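> In order, the protein sequences belong to chains A and B. For the first sequence, my numbering gives the first residue as 1, with consecutive numbering after it. For the second sequence, my numbering gives the first residue as 189, with consecutive numbering after it.
It should be emphasised that the hints constitute simulated quantities derived from the structure, not laboratory data. Check each hint, because a few of them may be wrong.
Below are the DSS-like pairs computed for lysine-lysine, each with C-alpha atoms no more than 30 Å apart in a straight line [what the hints assert, rightly or not]: (1) B:K505 x B:K453; (2) B:K541 x B:K265; (3) B:K453 x B:K541; (4) B:K265 x A:K82; (5) A:K115 x B:K541; (6) B:K224 x A:K82; (7) B:K265 x A:K115; (8) B:K376 x B:K541; (9) A:K82 x A:K154.
Some chain B residues well away from chain A (every beta-carbon gap over 12 Å; in silico) [what the hints assert, rightly or not]: (10) D378; (11) R395; (12) P462.
None of the values given here were measured: they were computed from a predicted structure. A virtual CB, placed ideally from N, CA and C, is assigned to each residue, including glycine.
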Amino acid sequence: MGVMDQVELPKPVKYVFNWGRKYSLWCFNFGLACCAIEFIAASTSRHDFIRHGVIPFAHGPRQADLLVVSGTLTDKMAPAVKRLYEEMPEPKYVISFGSCANCGGPYWDSYSVTKGVDQIIPVDVYVPGCPPRPEALLDGIIALQDMIQKESLKERIAGRRLDPITLGADEPLPSDSSPALPSGGRAP
Amino acid sequence: MSDLSTRERVHPGSAPGEDFHLEIVGDGDFQTADMKLSIGPAHPATHGVFRIVLEMDGERVTGARPVIGYMHRGFEKLAEHRDYRQIKALVNRHDWLSGFSNELGVALAVERMMEMEVPDRAQWIRMLLAEWNRILNHLMFIGSYAIELGAITPMFYAFREREDIQHLLESATGGRLHFTYNQVGGLKIDLPKGFLRQSTELSALIRKRVPDYHDLVLGNDIFQARTVGVGPLPPEVALSLGVTGPTLHATGVPEDSRVTEPYLKYGEIDVDVPVGENGDSFDRFYCLLARISASLDIIDQIHDHLPAGPVNTKLPKMVKAPEGATYLRTENPLGQLGYWLESDGGRTPWRLKMRTPSFSNVQAIPYLLEGVLVPDAIAVLGSVFFVVGDIDR
Numbered sequence: 001m002g003v004m005d006q007v008e009l010p011k012p013v014k015y016v017f018n019w020g021r022k023y024s025l026w027c028f029n030f031g032l033a034c035c036a037i038e039f040i041a042a043s044t045s046r047h048d049f050i051r052h053g054v055i056p057f058a059h060g061p062r063q064a065d066l067l068v069v070s071g072t073l074t075d076k077m078a079p080a081v082k083r084l085y086e087e088m089p090e091p092k093y094v095i096s097f098g099s100c101a102n103c104g105g106p107y108w109d110s111y112s113v114t115k116g117v118d119q120i121i122p123v124d125v126y127v128p129g130c131p132p133r134p135e136a137l138l139d140g141i142i143a144l145q146d147m148i149q150k151e152s153l154k155e156r157i158a159g160r161r162l163d164p165i166t167l168g169a170d171e172p173l174p175s176d177s178s179p180a181l182p183s184g185g186r187a188p
Numbered sequence: 189m190s191d192l193s194t195r196e197r198v199h200p201g202s203a204p205g206e207d208f209h210l211e212i213v214g215d216g217d218f219q220t221a222d223m224k225l226s227i228g229p230a231h232p233a234t235h236g237v238f239r240i241v242l243e244m245d246g247e248r249v250t251g252a253r254p255v256i257g258y259m260h261r262g263f264e265k266l267a268e269h270r271d272y273r274q275i276k277a278l279v280n281r282h283d284w285l286s287g288f289s290n291e292l293g294v295a296l297a298v299e300r301m302m303e304m305e306v307p308d309r310a311q312w313i314r315m316l317l318a319e320w321n322r323i324l325n326h327l328m329f330i331g332s333y334a335i336e337l338g339a340i341t342p343m344f345y346a347f348r349e350r351e352d353i354q355h356l357l358e359s360a361t362g363g364r365l366h367f368t369y370n371q372v373g374g375l376k377i378d379l380p381k382g383f384l385r386q387s388t389e390l391s392a393l394i395r396k397r398v399p400d401y402h403d404l405v406l407g408n409d410i411f412q413a414r415t416v417g418v419g420p421l422p423p424e425v426a427l428s429l430g431v432t433g434p435t436l437h438a439t440g441v442p443e444d445s446r447v448t449e450p451y452l453k454y455g456e457i458d459v460d461v462p463v464g465e466n467g468d469s470f471d472r473f474y475c476l477l478a479r480i481s482a483s484l485d486i487i488d489q490i491h492d493h494l495p496a497g498p499v500n501t502k503l504p505k506m507v508k509a510p511e512g513a514t515y516l517r518t519e520n521p522l523g524q525l526g527y528w529l530e531s532d533g534g535r536t537p538w539r540l541k542m543r544t545p546s547f548s549n550v551q552a553i554p555y556l557l558e559g560v561l562v563p564d565a566i567a568v569l570g571s572v573f574f575v576v577g578d579i580d581r
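One chain only, chain A, in its complex shape (with noise of 0.2 Å):
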């Protein structure tokens, strides 16, 4: 990386370094499941991210910047995961595609389903839905862009990551406005 993980650029530099950087993510998607479809749907004319500077045609993980993972994770594949991220150059995002990748999803008491794909990597932007509408994933593409112009490249590079963001958390859920649980109770 030469110079760029020693120092800080200085605030002009890098900010036109942050815009050149968001605007061209060449993409690795991961499909595992259904949500695979709806990032295609997202690729395509309708929704069309490519507009957004998000290229789907990394030939492989090794020249890709973000890794979108769409669909359950099986333990089998974890290992497969693991290791697509770690040929990954840094600096390398992850956008965590539907209930599935973030948590377990549908799957949730499953023997053979590993409960979100932060367990294994690190992600950036949780997408959230069963599958997310390709609409989502522009607007996770979004924040992730946000948040690589926020973000220093000096520290990125150390590993020192900004909090990951979770779209949709920021607005109240339902439940909070309803009457808190009995104590021990379970949701109905």
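On the provided structure of chain A, position chain B as indicated by the hints.
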């Protein structure tokens, strides 16, 4: 030349003890080894996390072994812990391209066990949406198969249609992939106002666009050179392996449970089952494309038949299937889907066994791949239409 015996290939996803050692034949300078090539689990040509180990002599495949289980999520076990209303949210995810047809299977099975009468209108609407779902599924494979053969454009055409159909279905069900529209005893709600008009218009629009695929893909010289005569599957082999759906129809066998064992109201309308002749990759693709037109014909007939009336029946507070078992098969977009539902009278099924079309269809892959060249192997793999979630459950 380095000593071959020192080379070993160990795949990160391979199970302990899995044999990836090379077998050395000959000696001295003539030492050589058959190559074992592991394609997947993450490989663009296998669309999904399907892994296949090819044994190769030079450029020719001498043996193939699918390695499945990368998408195993334990549906059958999970279904034992969900009540009859919750199962449908689970089953429309195992084959994520045909969610409606899957949940239809479970709803029909539970209704049969409870000996429930479903209103006529609900049955016709179920057929209508199942056929739209079939078109959605086939469009996806038309796009992805063309990508595997090196053409990117058909995918964009396929998704143009898919978005239109998903928009239509979303207006009724609220879902783009997983509709959760069926209920035990009928449907969640009636169709929205103006649905039939939109459905009729869309059916005419897609009928007008189907020739695009014939020109763009089927009539393409390169496509024909890659697929005609590649991976022929004889009908008797297909039947003995349990292959169903378009893969079976391509061999010339018109076995389709909508015709041979009609469910819903399929007995009252004409169902056309397009068949191929040679069972090769081209015929499999042809059947897929022809089934879109066949489904559009069915949709137009349903528009003429659709009666008025209620769409659901009053359910007890707790849906409980009586003790017993039933096996129900439906024609899913990729083949025959069977649900073996066994109940001990409780809130949840005692056992839900799935007979999924993709699992049976991939059994033909070792047979088809033997003796083909590596580029043809991709053409064959893509033409045996399967969804990985449907294989592994």
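> Now look at each hint and say whether the structure bears it out.
Going through the hints against the structure:
no. : hint            : verdict
1   : B:K505 x B:K453 : holds (28 Å)
2   : B:K541 x B:K265 : holds (9 Å)
3   : B:K453 x B:K541 : holds (25 Å)
4   : B:K265 x A:K82  : holds (27 Å)
5   : A:K115 x B:K541 : holds (25 Å)
6   : B:K224 x A:K82  : holds (24 Å)
7   : B:K265 x A:K115 : holds (17 Å)
8   : B:K376 x B:K541 : holds (25 Å)
9   : A:K82 x A:K154  : holds (24 Å)
10  : D378            : holds (24 Å)
11  : R395            : holds (21 Å)
12  : P462            : holds (25 Å)
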